[in-house]
Amino acid sequence: MSTPTVEKHSAALDAAELGGVKLITVTVRIRRFNPEEHPDPVWVDYQLEMDPKERVLDALNKIKWEQDGTLTYRRSCAHGICGSDAMRINGRNRLACKTLLKDVNPEKPITIEAIKGLTVLKDLIVDMDPFFQAYKDVMPFLITKGNEPTRERLQTAEDRERFDDTTKCILCAACTSSCPVFWNDGQYFGPAAIVNAHRFIFDSRDEGAEQRLEILNDREGVWRCRTTFNCSEACPRGIEVTKAIQEVKRALVTRRF
Amino acid sequence: MQTDYTYTDDVVVASAQAHTGQGLGTGNPADAFVVEPPRTRTKKTPRRTRTNFEMLAWLFMRLSGVVLVVLILGHLLIMLVLDGGVSKIGFAFVAGRWASPFWQGWDLLMLWLAMLHGSNGMRTVINDYAEKDSTRLWLKTLMGAATVFTVLLGTLVIFTFDPNI
Numbered sequence: 054m055s056t057p058t059v060e061k062h063s064a065a066l067d068a069a070e071l072g073g074v075k076l077i078t079v080t081v082r083i084r085r086f087n088p089e090e091h092p093d094p095v096w097v098d099y100q101l102e103m104d105p106k107e108r109v110l111d112a113l114n115k116i117k118w119e120q121d122g123t124l125t126y127r128r129s130c131a132h133g134i135c136g137s138d139a140m141r142i143n144g145r146n147r148l149a150c151k152t153l154l155k156d157v158n159p160e161k162p163i164t165i166e167a168i169k170g171l172t173v174l175k176d177l178i179v180d181m182d183p184f185f186q187a188y189k190d191v192m193p194f195l196i197t198k199g200n201e202p203t204r205e206r207l208q209t210a211e212d213r214e215r216f217d218d219t220t221k222c223i224l225c226a227a228c229t230s231s232c233p234v235f236w237n238d239g240q241y242f243g244p245a246a247i248v249n250a251h252r253f254i255f256d257s258r259d260e261g262a263e264q265r266l267e268i269l270n271d272r273e274g275v276w277r278c279r280t281t282f283n284c285s286e287a288c289p290r291g292i293e294v295t296k297a298i299q300e301v302k303r304a305l306v307t308r309r310f
Numbered sequence: 039m040q041t042d043y044t045y046t047d048d049v050v051v052a053s054a055q056a057h058t059g060q061g062l063g064t065g066n067p068a069d070a071f072v073v074e075p076p077r078t079r080t081k082k083t084p085r086r087t088r089t090n091f092e093m094l095a096w097l098f099m100r101l102s103g104v105v106l107v108v109l110i111l112g113h114l115l116i117m118l119v120l121d122g123g124v125s126k127i128g129f130a131f132v133a134g135r136w137a138s139p140f141w142q143g144w145d146l147l148m149l150w151l152a153m154l155h156g157s158n159g160m161r162t163v164i165n166d167y168a169e170k171d172s173t174r175l176w177l178k179t180l181m182g183a184a185t186v187f188t189v190l191l192g193t194l195v196i197f198t199f200d201p202n203i
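Going down the list, the protein sequences come from chains A and B. One rule links them: number in the numbering used here = place in the first sequence (from 1) + 53. One rule links them: number in the numbering used here = place in the second sequence (from 1) + 38.
The set of hints was computed from the structure by calculation and includes no laboratory data. Check each hint, because a few of them may be wrong.
Heads up, simulated BS3-like pairs for lysine-lysine below, C-alpha to C-alpha not over 25 Å straight-line [as the list claims (entries may be wrong)]:
(1) A:K75 to A:K169
(2) A:K189 to B:K82
(3) A:K175 to A:K75
(4) B:K178 to A:K161
(5) B:K178 to A:K175
(6) A:K106 to A:K151
(7) A:K115 to A:K151
(8) B:K170 to A:K169
(9) A:K221 to A:K296
(10) A:K115 to A:K161
(11) A:K115 to A:K75
(12) A:K169 to B:K126
(13) A:K169 to A:K221
(14) B:K81 to A:K189
(15) A:K117 to A:K189
(16) A:K151 to A:K198
(17) B:K170 to B:K82
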């Protein structure tokens with residue numbers, strides 16, 4: 054038999070829970086866009102009472118749940134793994150679920166926009182199709198020749214270490230949409246696709262490296278990279294994106310990988 | 039509850055580019071206002087020709103850059119610093135230098151590398167910033183013509199220079 058959980062409240066517990074929590078007034082300035090209402094975007098300010106240790110995503114949730122249900126944004130896991138809520142916060146691409154209010158200067162209005170270079174559909178939601186098309190074009194899956202082995206494909210710890218950094222990608226598009234080359238030419242593969250190609254090119258178990266390198270040798274491939282390091286700065290997983298792109302370039306020149 | 043916001047001039051952000059009026063083709067009339075980036079990657083994006091041109095251009099930029107550092111710094115040193123600086127430069131000075139095949143070669147190499155290095159850099163800038171294919175083609179044609187003209191003229195002068203003119 055189940056008994057409903059009774060929440061025990063005591064003055065002491067409440068005090069402990071609330072101890073140290075000082076709510077501050079935060080202004081969140083969101084670049085909203087709804088083509089059904091107006092053909093141009095607008096900046097809208099929202100005033101919130103928030104704990105500065107809360108995240109930007111909490112602020113967005115508070116707006117959506119308590120002030121304006123029409124606000125639209127993507128979020129899923131809310132713990133920095135699914136890569137849904139990449140957005141431009143105070144002019145920098147970040148994950149709303151990994152950014153604390155106290156880290157983005159809550160004394161001033163916090164500006165939130167959709168990521169750049171992709172079509173804005175509504176408010177903070179962009180059309181991710183071109184981004185994922187570039188990802189698909191580098192064939193982000195294991196390619197092997199010959200018969201399938203009867204046991205798992207083994208690899209040494211050193212071989213695994215070779216591409217460890219690029220396995221961390223969560224496909225949030227923070228890097229690609231921070232790249233000035235991508236802003237100007239959406240045909241460019243973009244950092245995220247190259248990172249995911251790197252993950253397989255340098256995998257000792259994979260045999261499709263030649264094919265992937267040929268794809269990235271393209272006019273819109275790695276050679277468009279200008280090493281501005283915007284991608285490395287934007288990556289919420291701390292992947293050294295520019296380094297990965299340079300390693301792909303080196304592999305193309307030396308044909309060693 | 040919905041906050042009421044009005045579309046006043048100080049909050050409306052004019053879009054950076056004009057709407058195509060085409061939208062995304064979803065059938066929604068509001069779609070016409072959605073600003074599509076001019077060049078997005080789709081399934082129909084053509085596979086380009088498989089050449090190593092971009093790789094060779096990239097390598098050329100690195101290698102010519104290293105050589106140019108030596109050539110240009112040496113050139114500046116001779117022209118501006120050593121032996122009295124700019125005051126010594128004149129027809130006789132240039133004629134004296136070009137009497138030696140070494141300095142002819144130096145200047146020729148510097149001309150070719152600097153022009154190709156610079157125009158390749160401009161080519162990437164045009165590729166990045168020109169939005170329309172026709173604009174890109176025209177700018178690159180213009181730049182290519184200017185490069186060829188300068189390189190050929192310079193080469194002609196270096197080889198046919200007559201000190202007794």
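Cross-check of the supplied hints:
1. A:K75 to A:K169: The hint is violated at about 34 Å.
2. A:K189 to B:K82: holds, 13 Å
3. A:K175 to A:K75: violated, 34 Å
4. B:K178 to A:K161: violated, 46 Å
5. B:K178 to A:K175: violated, 37 Å
6. A:K106 to A:K151: Distance of about 11 Å is within 25 Å: holds.
7. A:K115 to A:K151: holds, 16 Å
8. B:K170 to A:K169: holds, 20 Å
9. A:K221 to A:K296: holds, 14 Å
10. A:K115 to A:K161: holds, 18 Å
11. A:K115 to A:K75: It holds: about 17 Å lies between the C-alpha atoms, which stays within 25 Å.
12. A:K169 to B:K126: Roughly 55 Å between the alpha carbons, so the hint for A:K169 and B:K126 is violated.
13. A:K169 to A:K221: Holds, because 22 Å separates the two Cα atoms, which is no more than 25 Å.
14. B:K81 to A:K189: holds, 10 Å
15. A:K117 to A:K189: violated, 33 Å
16. A:K151 to A:K198: violated, 41 Å
17. B:K170 to B:K82: holds, 18 Å
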